[in-house]
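Novice: These are the residues of each chain, in order.
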Amino acid sequence: MLTYIVRRVLYMIPTVFLISVVAFIVINLPPGDYLTSMVAMQMEEGDAAAAQAQAERLRVRYGLGEPVIVQYWRWISGIVLRGDFGHSFEWRRPVSSLIWTRLALTFVLSLTTTMFIWIVAIPIGIYSAVKQYSIGDYVATTVGFIGLAIPNFLLALIFMYIGFSVFGQNVGGLYSPQYIGEPWTIDKILNMLTHLWIPVVVLGTAGTAGLIRTMRANLLDELRKPYVVTARSKGLTERRVIMKYPVRIAMNFFVSAQSNILVSLISGATIVSVVLNLPTTGPLLLGALMAQDMYLAATFILLLSTLNVISTLISDIVLAWLDPRIRYS
Amino acid sequence: MHLPFWSRIRKTRQGKLAGDEPIGVGDNPLLREETTGASEETQWRLIWRRFRRHHLAMGGLVVVLMLYGVAACAEFLAPMNPRAFDSKYPYAPPQRVRMFHESEEGVSFRPHVLDYRVELDSVQMTRVFHDDPDQVVDLGFFVETEPYRLMGFIPMRRQFFGPVNPDHSFFLLGADRLGRDLLSRMIYGTRISMTVGLIGVTLSLVLGITLGGMSGYFGGWIDNLIQRLIEFLQSIPSIPLWLGLSAAIPPRVDPLMVYFYITIILSILGWTGLGRVVRGKFMSLKTEDFVLAARLDGCSSGRIIRRHMVPSFMSHIIATTTLAIPHMIIGETSLSFLGLGLRPPVISWGVLLQEAQNIRTVATAPWLLLPGAMVAVAVLALNFLGDGLRDASDPYA
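As you go down the protein sequences, you meet chains A and B in turn.
Residue 299 in the working numbering is what sits at position 299 of the first sequence, and the numbering runs on without skipping anything.
Residue 241 in the working numbering is what sits at position 241 of the second sequence, and the numbering runs on without skipping anything.
These are calculated hints, taken from the structure and not from any lab test.
There could be a bad hint or two in this list.
Calculated cross-link-like contacts (lysine to any residue; reagent style SDA-like; alpha-carbon spacing at most 25 Å) [what the hints assert, rightly or not]: (1) A/Lys131 <-> B/Asn383; (2) A/Lys188 <-> A/Trp100; (3) A/Lys131 <-> A/Thr15; (4) A/Lys188 <-> A/Met115; (5) A/Lys131 <-> B/His55; (6) A/Lys225 <-> A/Lys188; (7) A/Lys225 <-> B/Asp391; (8) A/Lys244 <-> A/Met115; (9) A/Lys244 <-> A/Val318; (10) A/Lys131 <-> B/His54; (11) A/Lys188 <-> A/Gly210; (12) B/Lys88 <-> B/Trp367; (13) A/Lys131 <-> B/Arg53; (14) B/Lys286 <-> B/Asn383; (15) A/Lys234 <-> A/Arg213; (16) B/Lys286 <-> B/Leu296; (17) A/Lys244 <-> A/Arg213; (18) A/Lys225 <-> B/Arg390; (19) B/Lys88 <-> B/Asp167; (20) A/Lys131 <-> B/Ile47; (21) A/Lys131 <-> B/Tyr91; (22) B/Lys286 <-> B/Arg276; (23) B/Lys286 <-> B/Ile47; (24) A/Lys188 <-> A/Ile249.
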């Protein structure tokens, strides 16, 4: 088991390294850099010569005129050696001062949504399988399909619209306006919990729908197996017949699907946060990409991907722990 | 069960499928010849028969065909010019179609809508739209319009329905910020949104079959390399990567080029899933007897793949491909909605939804969310269709 974990962790290193390369290349694809757009903006205001001079100074200071490889080396060595993620041009602050709260909130949001998905999907999935073709099963299936079909940003828009036109309030944000920029207190966290459910529901709908369907299908496969008949014929209570083995086996899938769920949640959270105006990574990443704020954008892509890789790692380890065949192959 | 390369499945006299027999008997035509009856059915007929029993999937097929029909005949179906703006009607609400008209001569059957009388509310700075009973806009089917070419080559002078007088405006589903007809824009948007999915999926399919096939057929270090590549691509969250790549599309490039960039961007991640499926199929097929037989007969690798292996998993690939289209559509819609995908003057559902970004705008003009309903319908229909195809793709199960 230990060798398996060590092997997987070592395997993570080249992956994260490659991701950092790709993230940096992607960020450098657009022609020009942040300073070109800054100069263009200042030129419109009329101050061409001064803008050029200032841009030249900044370009030398941040090494923007140098080849991409040199820039990449400076960025990555800063991260590895000093924990320095570079400088955000747009915010005029070090990247590390901007990202951690937002990344933590993204993580909290994704984790809460995962729990929501599990809590909702497992019982409904079991119900749908046990009571196949009942009215409840049809309702669950229909709702599930619709949940899959509506893109989550559209769902966010619909929530916003209903909140705005029926309740007359803005349902966006993660806490009430008076807490914005305040330090983290118990009050603020409680306030956040009352706001958190909307993004959780919006983000979780598609995942829930998918898991209900898979849980139902897996459990149906199990329920048809002879050992279930045997258990029933031996006089076990119906509850025990279903919960003891079939449900447990059908749940194995949840562990292996977990990394995929988290990947899609982190990805989906990006766009939902933009619509709902959440203080997570999404809006900042979008803004950074639009403004070619390259260190900020590259850092976000790198860290979000790393979060993904880590969650895959965790689910692989749990799966190996559950199923010994995996760790010996 | 896997299909032999002669790919014709005969029914035995007992009504049992030949493919259900143990391998060695079922795959040997000489042995089977004796037990087969006269009726022969191709694999595709069997699939179709199974598929037809799946009602949701049939419904999905009908809706998908209708959507592509709408995409092909947008000029004929759209009642208005989708680009014609009118400063008189920004955010005009949907008009109610009235069937009967009352006048001094009595009630007559005359489908029409009432034109709007627009008042400016100077306090709230909004426009108020009132029905104007004096201004009747007659509607009709197959009304005359400016000449156009249907599907690019059939010259036409009439459209499906619209105002009888081409100068009148008509907003069945309301108007947008510039007073453009939303229904017509949604119809034109179908063209772009549905084909982005199709072209994106075709690109993914080419990549997926080539790389996945190589991976599964050759195995060894090629397989290892391609599998690591797939794992790597799948470890990057899709939307941030898409956003990063679309931000790289130069701002002043031709809209058609943007369209192609977007499909390529969507396919960069899209092929990985298909690649996995193809690889899995190749792995399981390459140890089959009929592949070995073909190789012993001296067939080249290319021929074995094309003639013997691909036909036996094509149906499965088609199902997987259908299920991949909705992802592409949602991807395009999301990117365009955020302003990083297709941009005006191109009309797609995502571009139309961009107008609904501001919640205050949506509150005054909720019909701007309607393109989202189109997305949901298309995605749902394609999902049903794909599910049905997947169930039917293995007619021997």
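Novice: Compare the structure with each hint and give your call.
Specialist: Going down the list of hints, with the structure as the test:
1. A/Lys131 <-> B/Asn383: holds (24 Å)
2. A/Lys188 <-> A/Trp100: holds (18 Å)
3. A/Lys131 <-> A/Thr15: violated (44 Å)
4. A/Lys188 <-> A/Met115: Cα-Cα ~22 Å, so holds.
5. A/Lys131 <-> B/His55: holds (21 Å)
6. A/Lys225 <-> A/Lys188: Given pair lysine 225 of chain A, lysine 188 of chain A is violated - Cα atoms ~51 Å apart, limit 25 Å.
7. A/Lys225 <-> B/Asp391: holds (21 Å)
8. A/Lys244 <-> A/Met115: holds (22 Å)
9. A/Lys244 <-> A/Val318: Roughly 20 Å separates the two Cα atoms, so the pair holds.
10. A/Lys131 <-> B/His54: holds (21 Å)
11. A/Lys188 <-> A/Gly210: violated (33 Å)
12. B/Lys88 <-> B/Trp367: holds (18 Å)
13. A/Lys131 <-> B/Arg53: holds (23 Å)
14. B/Lys286 <-> B/Asn383: violated (30 Å)
15. A/Lys234 <-> A/Arg213: Measuring from Cα to Cα gives roughly 30 Å; hence the hint is violated.
16. B/Lys286 <-> B/Leu296: Since the Cα atoms of lysine 286 of chain B and leucine 296 of chain B sit roughly 13 Å apart, the hinted pair holds (cutoff 25 Å).
17. A/Lys244 <-> A/Arg213: Holds. Lysine 244 of chain A to arginine 213 of chain A sits at ~21 Å (cutoff 25 Å).
18. A/Lys225 <-> B/Arg390: holds (23 Å)
19. B/Lys88 <-> B/Asp167: Given pair lysine 88 of chain B, aspartate 167 of chain B holds - Cα atoms ~14 Å apart, limit 25 Å.
20. A/Lys131 <-> B/Ile47: Distance of about 29 Å is beyond 25 Å: violated.
21. A/Lys131 <-> B/Tyr91: Status violated; Cα separation ~48 Å.
22. B/Lys286 <-> B/Arg276: Answer holds: lysine 286 of chain B to arginine 276 of chain B is near 15 Å, not above 25 Å.
23. B/Lys286 <-> B/Ile47: holds (23 Å)
24. A/Lys188 <-> A/Ile249: Violated - the C-alpha atoms of isoleucine 249 of chain A and lysine 188 of chain A are around 41 Å apart, more than 25 Å.
Checked against the numbered hints above, the structure breaks hints 3, 6, 11, 14, 15, 20, 21 and 24 and satisfies the rest.
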